[in-house]
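Peer 1: Sequences listed follow chains A and B, in order.
Our numbering puts the first residue of the first sequence at 1, with every later residue one more than the last.
Our numbering puts the first residue of the second sequence at 1, with every later residue one more than the last.
Among the clues, some could well be false.
Unchecked claim - A partial selection of chain A residues facing chain B, derived with a Cβ cut-off under 8 Å: (1) V73; (2) V75; (3) A224.
Claimed, not checked - DEER-style ranges, computed between Cβ atoms: (4) B:L312 - A:K180: 42 to 50 Å; (5) A:R20 - B:A249: 29 to 37 Å; (6) A:E51 - B:K284: 53 to 61 Å; (7) A:V33 - B:R183: 50 to 58 Å; (8) B:R183 - A:F282: 54 to 62 Å; (9) A:A122 - B:A196: 30 to 38 Å; (10) B:T179 - A:A122: 55 to 63 Å; (11) A:N230 - B:E105: 52 to 60 Å.
Unchecked claim - What the simulated footprint calls covered on chain B by chain A, stretch by stretch (three residues with Cβ under 8 Å from a Cβ of chain A suffice, anywhere in the stretch; the number is not a length): (12) 50 to 58; (13) 110 to 117; (14) 128 to 134; (15) 269 to 282; (16) 319 to 327.
It is worth saying that the hints were derived from the structure and are not from the lab.
By construction, the Cβ of each residue, glycine as well, lies at the ideal position given by its N, Cα and C atoms.
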Amino acid sequence: MAEIMYWEALRRAHDEEMTRDPLVICMGEDIGVAGGTYKATNGLFDKYGPERVIDTPISEGGYTGLGIGASFVGVRPIIEIMSVNFAWLAMDQVFNTAAKVRYMSGGQLEAPVVVRSPGGTAHQLGAQHSARMEKVFMGVAGLRVVTPSNPRQAYGLLKSAVRCNDPVFINEHELMYNMKGDVPDEEYFMPLEGSEVAREGIDVTLFGYNISVHWCLAAAEILASKHGINAEVIDLYSLSPLDREGIKASVSKTHRAVIVEEAEPAVGVGSEVMAIINEECFFELDAPPVRVSAKNVPIPYNHTLEKMAIPTTQDVVDAVLKQFGLS
Amino acid sequence: MKPADKKRVLKEMLFARRFEERCYEAYVERKIGGFLHLYSGEEACAYGVLEAAKPGHDYVMTSYRDHIHAIKSGVSPKAVMAELFAKETGCCKGLGGSMHIFGAEQRFMGGYALVGGPFPLAAGIAKGIKLKGGDEICICFLGDAANNQGVFHESLNMAKVWDLPVLYVCENNLYGIGTRIERSTAVVDQYKRVGAYDIPSAQVDGQDIETVYDAAKIAIDHVRSGKGPYFLELMTYRYRGHSMSDSNAYRTKEEEQLWNERDPLNILRDRLVGAGEITVDEYKQWDTEIIAEIEDDIIKFAEESPEPSAELLDKYVLAENDPWVRGGAK
């Protein structure tokens with residue numbers, strides 16, 4: 001077990017899979033000679049050459065479609081879209097083709113392609129570089145969506161996603177590439193479905209994913225030390241499909257749920273988890289579930305307003321206290 | 001083309017015409033649902049190009065006007081008709097429909113319903129061919145109106161930058177749905193547009209299959225020899241509307257008449273009759289046989305095939321029992 005950064009974990013997964021299978025390639029803007037905006041492919045251009053580590057033109061729809069087409073004939077492309085905001089330009093290819101080709105061909109073709117892209121609000125990047133789009137991807141049948149919250153997951157999910165025969169969208173985060181965490185020394189594969197218990201507790205379940213897992217963990221510490229509330233934190237690293245059983249099991253134990261998301265509330269992870277709780281374990285609830293979400297606004301440039309637009313650890317603490325009638 | 005090949009391909013094109021016209025009838029009878037885009041009038045394009053290629057070896061993909069490209073690539077006409085009838089014996093088990101005919105075994109990589117959508121997919125297949133080191137090429141047939149999509153430019157650019165073995169065939173039938181090309185497109189000659197990407201191209205008569213074949217030979221030789229992409233524009237005309245829901249009110253009778261006089265089947269038939277390769281009676285005999293074959297064999301098969309079973313509804317959404325979903329084979 002070694003402590004490495006999130007980007008190093010991604011780089012290691014790329015490197016191992018490319019060594020194993022000559023048909024694993026990676027492509028995206030500035031990923032080759034420049035080493036990658038987030039260094040996830042750093043050094044791979046020199047190791048594997050331009051045919052397999054492909055610097056693409058700034059044509060998101062084009063190169064994503066190209067990767068999908070290559071996957072029809074056995075290639076395993078890992079496509080990096082530099083910012084999830086740019087992924088809108090590739091939606092036709094991802095949604096209309098990658099997610100549907102197995103189905104509409106009656107199982108004859110498949111698109112085993114991985115699309116990685118960071119979303120989230122970072123540091124004053126403005127409205128067009130701060131989108132959180134996981135809700136868009138998770139609403140489409142035929143596509144898997146995972147979102148690693150730490151280096152171990154980043155490594156293990158990419159390893160499994162490359163080998164899986166389904167198209168997988170990996171939702172990363174602008175702010176998390178330098179996060180440190182333990183990653184096993186031996187090869188490690190994360191399941192592409194399920195959830196993880198990030199912190200065990202008995203009084204309330206905090207559901208988070210990607211960066212919001214860390215807000216939940218920080219909130220749980222405050223709740224425990226200052227308010228005597230022992231919160232469980234569930235890491236929903238798989239957003240499509242969501243882990244119905246895991247959600248049910250935790251809520252059945254704690255009888256309370258708070259869902260924390262960096263995205264706007266409408267049609268999102270929070271609303272979907274609430275629907276699952278209703279469907280699976282409504283009568284286990286001691287209180288109505290609560291969402292802690294971003295404000296329903298495009299992200300502003302001004303730093304103070306930007307911070308106001310997205311949830312904080314304190315927002316999570318406040319939501320829990322309110323649910324307990326303590327505020 | 002050799003005389004024997006010309007004779008055979010004339011018969012194949014006659015089959016294609018009758019197949020499509022029978023689809024029209026089946027649509028009117030409500031045996032075929034959804035959208036239906038027919039290829040009648042454009043036959044020399046698919047047959048001319050694919051005669052010069054290696055169907056089953058080379059990869060082929062196209063738009064939603066796809067029945068005939070699939071059949072010429074080797075997909076069974078019965079499986080295509082059964083697909084149109086939405087039956088389980090269809091090539092896509094009734095899950096695809098007219099716009100989504102696939103034949104992976106025949107390397108017919110599908111019909112796609114988003115105009116221009118296949119441009120990058122074809123470049124990707126070509127990238128795969130190049131990585132694996134084969135001598136196949138990818139042939140992508142699309143209409144002229146697809147060239148007004150952004151991915152046209154993006155794909156041509158990448159195909160040229162990376163010298164991918166892809167042949168783009170533009171079937172220029174002069175209309176994007178119901179809008180004539182001059183009204184939607186700044187540069188009407190489509191082959192000129194690819195000059196911007198330094199890709200070699202040609203524009204030829206798409207109604208004369210021998211002309212198409214000769215031009216396709218040059219194009220395919222270029223691509224197969226590793227020199228990169230090529231763009232072949234074929235001037236053609238569709239007899240039916242864009243789809244069955246098209247009133248076809250935007251074209252003049254005079255224009256239709258003009259193109260009817262340049263019917264691709266008649267051009268080749270008259271030439272072969274003139275050369276003494278076939279007789280008019282022989283051609284009529286083929287026609288009778290083909291109509292009977294379509295009715296007694298193909299339509300009957302489609303009619304009598306079973307509906308898809310309910311278990312197909314969600315069978316192909318994701319891979320079945322993929323071990324990596326569970327983190328590997330444990």
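Peer 1: Determine for every hint whether it applies to the structure shown.
Peer 2: To see whether the hints hold, each was checked on the structure:
no., hint, in the structure
1, V73, "holds (4 Å)"
2, V75, "holds (5 Å)"
3, A224, "violated (31 Å)"
4, B:L312 - A:K180: 42 to 50 Å, "holds (48 Å)"
5, A:R20 - B:A249: 29 to 37 Å, "violated (59 Å)"
6, A:E51 - B:K284: 53 to 61 Å, "holds (55 Å)"
7, A:V33 - B:R183: 50 to 58 Å, "violated (44 Å)"
8, B:R183 - A:F282: 54 to 62 Å, "holds (58 Å)"
9, A:A122 - B:A196: 30 to 38 Å, "holds (36 Å)"
10, B:T179 - A:A122: 55 to 63 Å, "violated (43 Å)"
11, A:N230 - B:E105: 52 to 60 Å, "holds (58 Å)"
12, 50 to 58, "violated (count 0)"
13, 110 to 117, "holds (count 5)"
14, 128 to 134, "holds (count 5)"
15, 269 to 282, "violated (count 0)"
16, 319 to 327, "holds (count 6)"
When held up to the earlier numbered hints, the structure conflicts with 3, 5, 7, 10, 12, 15 and fits the remainder.
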